[in-house]
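Undergrad: Residues per chain are reported as follows:
There are 2 protein chains.
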Amino acid sequence: MGIIVQKFGGTSVADAQKIHNAANAVIREKEKGNDVVVVVSAMGHTTDYLIKLAKEVTPSPNSREMDMLLSTGEQVSIALLSMAIQSHGYKAISMNGQQVGIITENIHSKARIVDIKTEKLKKYLNEGNIIVVAGFQGVTPEGEITTLGRGGSDTSAVAIAAALKAERCDIYTDVEGVYATDPRIVPNIQKSDIISYEEMLELARVGANVLHPRSVETAKQFNVPLRVRSSFKLDNLGTLIIGVDNMEIYKPVAGVAADSSQIRILLSELPDIPGTAAKLFGALAKNNISVDMIIQSLASNNTNSIAFTVNEEDYPSAIEIINEVKKEFNAGEILTDKDISKVSIVGAGMVDRPGIAADMFRALADNNINIKMISTSEIKISCLVEKENANKAIKALCKEFNLESQEKAVVKGDLPNV
Amino acid sequence: MGIIVQKFGGTSVADAQKIHNAANAVIREKEKGNDVVVVVSAMGHTTDYLIKLAKEVTPSPNSREMDMLLSTGEQVSIALLSMAIQSHGYKAISMNGQQVGIITENIHSKARIVDIKTEKLKKYLNEGNIIVVAGFQGVTPEGEITTLGRGGSDTSAVAIAAALKAERCDIYTDVEGVYATDPRIVPNIQKSDIISYEEMLELARVGANVLHPRSVETAKQFNVPLRVRSSFKLDNLGTLIIGVDNMEIYKPVAGVAADSSQIRILLSELPDIPGTAAKLFGALAKNNISVDMIIQSLASNNTNSIAFTVNEEDYPSAIEIINEVKKEFNAGEILTDKDISKVSIVGAGMVDRPGIAADMFRALADNNINIKMISTSEIKISCLVEKENANKAIKALCKEFNLESQEKAVVKGDLPNV
Numbered sequence: 000m001g002i003i004v005q006k007f008g009g010t011s012v013a014d015a016q017k018i019h020n021a022a023n024a025v026i027r028e029k030e031k032g033n034d035v036v037v038v039v040s041a042m043g044h045t046t047d048y049l050i051k052l053a054k055e056v057t058p059s060p061n062s063r064e065m066d067m068l069l070s071t072g073e074q075v076s077i078a079l080l081s082m083a084i085q086s087h088g089y090k091a092i093s094m095n096g097q098q099v100g101i102i103t104e105n106i107h108s109k110a111r112i113v114d115i116k117t118e119k120l121k122k123y124l125n126e127g128n129i130i131v132v133a134g135f136q137g138v139t140p141e142g143e144i145t146t147l148g149r150g151g152s153d154t155s156a157v158a159i160a161a162a163l164k165a166e167r168c169d170i171y172t173d174v175e176g177v178y179a180t181d182p183r184i185v186p187n188i189q190k191s192d193i194i195s196y197e198e199m200l201e202l203a204r205v206g207a208n209v210l211h212p213r214s215v216e217t218a219k220q221f222n223v224p225l226r227v228r229s230s231f232k233l234d235n236l237g238t239l240i241i242g243v244d245n246m247e248i249y250k251p252v253a254g255v256a257a258d259s260s261q262i263r264i265l266l267s268e269l270p271d272i273p274g275t276a277a278k279l280f281g282a283l284a285k286n287n288i289s290v291d292m293i294i295q296s297l298a299s300n301n302t303n304s305i306a307f308t309v310n311e312e313d314y315p316s317a318i319e320i321i322n323e324v325k326k327e328f329n330a331g332e333i334l335t336d337k338d339i340s341k342v343s344i345v346g347a348g349m350v351d352r353p354g355i356a357a358d359m360f361r362a363l364a365d366n367n368i369n370i371k372m373i374s375t376s377e378i379k380i381s382c383l384v385e386k387e388n389a390n391k392a393i394k395a396l397c398k399e400f401n402l403e404s405q406e407k408a409v410v411k412g413d414l415p416n417v
Numbered sequence: 000m001g002i003i004v005q006k007f008g009g010t011s012v013a014d015a016q017k018i019h020n021a022a023n024a025v026i027r028e029k030e031k032g033n034d035v036v037v038v039v040s041a042m043g044h045t046t047d048y049l050i051k052l053a054k055e056v057t058p059s060p061n062s063r064e065m066d067m068l069l070s071t072g073e074q075v076s077i078a079l080l081s082m083a084i085q086s087h088g089y090k091a092i093s094m095n096g097q098q099v100g101i102i103t104e105n106i107h108s109k110a111r112i113v114d115i116k117t118e119k120l121k122k123y124l125n126e127g128n129i130i131v132v133a134g135f136q137g138v139t140p141e142g143e144i145t146t147l148g149r150g151g152s153d154t155s156a157v158a159i160a161a162a163l164k165a166e167r168c169d170i171y172t173d174v175e176g177v178y179a180t181d182p183r184i185v186p187n188i189q190k191s192d193i194i195s196y197e198e199m200l201e202l203a204r205v206g207a208n209v210l211h212p213r214s215v216e217t218a219k220q221f222n223v224p225l226r227v228r229s230s231f232k233l234d235n236l237g238t239l240i241i242g243v244d245n246m247e248i249y250k251p252v253a254g255v256a257a258d259s260s261q262i263r264i265l266l267s268e269l270p271d272i273p274g275t276a277a278k279l280f281g282a283l284a285k286n287n288i289s290v291d292m293i294i295q296s297l298a299s300n301n302t303n304s305i306a307f308t309v310n311e312e313d314y315p316s317a318i319e320i321i322n323e324v325k326k327e328f329n330a331g332e333i334l335t336d337k338d339i340s341k342v343s344i345v346g347a348g349m350v351d352r353p354g355i356a357a358d359m360f361r362a363l364a365d366n367n368i369n370i371k372m373i374s375t376s377e378i379k380i381s382c383l384v385e386k387e388n389a390n391k392a393i394k395a396l397c398k399e400f401n402l403e404s405q406e407k408a409v410v411k412g413d414l415p416n417v
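Chains as they are written, first to last, in numbering that gives the first Met the number 0: chain A, 0 to 417; chain B, 0 to 417.
Bound conformation, chain A alone (with noise of 0.2 Å):
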């Protein structure tokens, strides 16, 4: 038997029944004769209540202060869970991320993790311990206290699992799986059995907000096997994600997401000469803004238009820097749409098959929805579409790739034994 990394999310923690429900999982694994790590998030509301204190102290705290802050959050689950595993007669001990020696740039309030310690987690498994881990923090090399944002202790889980080369990460949440899409949307939507890290990577970069892509990446990089399942249905397997090149068969299209966080900014009449894209956004890029779905057309007075997507957290930075670059270029106007949403067909199978990108956009056609913009990437096609008709583009995809049907996406084989 291996070791066995589980993660809990702040629902799944959220009060004293919930924090035995989740020991209850957590001994189960152990008594399969496991070595367990657990790692926990802020129990419910608490982050948002810290944050709201620190709003009441001052309009824009300073960063470094928040991760201290914010830390408390998780270390306060750490104990509560620790006490809950002991209460059933485990071993159990926490640690927060200092104590782990989760080590993390110097970066506050979005840390990237650069190592983990594993002295202490395998003297303390040695020893019979289940170990409970702070998620969503870590420490500088100095000792400063770092949080490492969205998503973060999904992170945390997948890097110690990495770490400590665990069989299996499992993700505990309020939800039973992977979906097609939103549940809420198309309400008998197929749950996946199995996707790979791929196609969960752009159902999360396109809005599919089971796993932080942060998550996944990790995993993929280290190819940890992620479980993404129920803490309140534990006989559910939920959904298991894993390498593309471990899977026998996969779906043309696994995955329907809509992003209705994006903006659309064009910049019209800039001069075509060589380099304005490339100052453009690079300048984006320096302030960490991401963009998405570029279009540059070359209009009939020999100027350049450039649109694209941002994200709408990173709109009022963005459009600092594009208003510099359109004086800088003599540019003309900027022309901004917020009525927008990006809605995304994700599947490793596409590769192989083609004319799926035609029936993509025929469904979207047969409903009178029209397409503002495309991208594509290997495995993912996005269309740009007004907000209101986003909905209705998610319903027609799932019928149109048969997402909807009750029967489970046909598995040669058994699953992978992890």
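These are calculated hints, taken from the structure and not from any lab test.
Do not take every clue at face value.
Since the list gives no way to pick one copy over another, a pair counts as held whenever it fits inside one copy or between any two copies.
What the hints assert, rightly or not - Computed list of lysine-lysine pairs in PhoX-like fashion (alpha-carbon distance at most 20 Å, straight line):
hint, residue 1, residue 2
1, Lys-17, Lys-51
2, Lys-164, Lys-116
3, Lys-337, Lys-386
4, Lys-54, Lys-17
5, Lys-109, Lys-285
Since the model is a prediction, treat every value here as computed from it, not as a measurement.
Following the hints, put chain B in place on chain A, whose structure we already have.
TA: Chain B in isolation, oriented as in the chain A frame:
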């Protein structure tokens, strides 16, 4: 200008408004040209809330995990106070016990400080920072989080002041200083402008709860001048606490206090052979049970009765131990009396002035208060009385020793310049 250590209790940082109030007190000291280190307790009822959470999970939480849990309370306060100070335009940085290097014994829930690292503190002070340190917590050399038990934040503050050779340690609280007795019992009681460590220690031991004895002992040991003062009336200098040798004049009786948390235990018919008392009190001491006011009396049948008082917290374990001793020596009955109160007068001036004890006993007698037991130390006389007479005794003694008048104690010359 030197280093000033300030300590704010939970009521002084209970909400955003009070945190800004504390920030003002900090900035005021910084503006005088001092280097400032601030020690903070958990906000308001945070600790009670965390204890409640733990009790919901398990009735008997593990003490290591309790320390992990409770230490988050102070970490929240230091982050928020740092943000508040920064919002007024000053450089501030928070540090938890681990980051400072407040090294303690490896005992959970009531560890003692064995060392305080000053390298980082000095570095941050040199960089012009106001440092905000989490009180009540420390770390073992192995990196385990510990807490210091009752009065822990006061002790943290004094120990840091000692380690940094600070000019003074100011304990900000919700009272205006040290009073000769509890103002709720004697409303027109005097506030002391100055009092000695020794008197403060005795007052704290017998029930005055402004400062925990441990913090006063540490201040005495390292000769750190303490000031107890109000966080809400910053112009009020409160009470200065210094060594008795540095005081020019002192009153025969500096304070009166009652401790109603004592229980009297009497063990009768112990054989009059050597070692019985040693056995009894040795066993109690081994279990960390403090014993006070011991009286041993020889009965006619050549057996001894031993009466003593213990704190009500220690009572259950004390009774277990006494039962074992009773069996071993085939002793008589165990009688307990919970209806008692220990009333004490404290004053460094007692040494020089005979007759203080007689004055005390007469004042009590004049008020029909029966004395059940008496114990004395160099600067303290304690009488055990019936609980219902405690307040009457305090009033009588304050009157007897002129602690009620509106005039302040006469101090020759100015207060020491600290």
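Undergrad: Taking the hints in turn, state whether each one holds.
TA: Structure-based check of all given hints:
For the homomeric pair Lys-17 and Lys-51, the shortest alpha-carbon distance between copies (16 Å) is at most 20 Å, but the shortest distance inside one copy (24 Å) is not. When the C-alpha separation of Lys-164 and Lys-116 is checked against a cutoff of 20 Å, the pair qualifies only within one copy, where the shortest distance is 13 Å, while the shortest distance between copies is 37 Å. Taking the shortest Cα distances, Lys-337 and Lys-386 sit within 20 Å of each other inside one copy (8 Å), while across copies they are farther apart (74 Å). In this assembly of identical chains, the alpha carbons of Lys-54 and Lys-17 lie at most 20 Å apart only when taken from different copies (15 Å versus 29 Å within one copy).
For a Cα distance limit of 20 Å, the shortest separation of Lys-109 from Lys-285 inside one copy, 16 Å, qualifies, whereas the shortest one across copies, 50 Å, does not.
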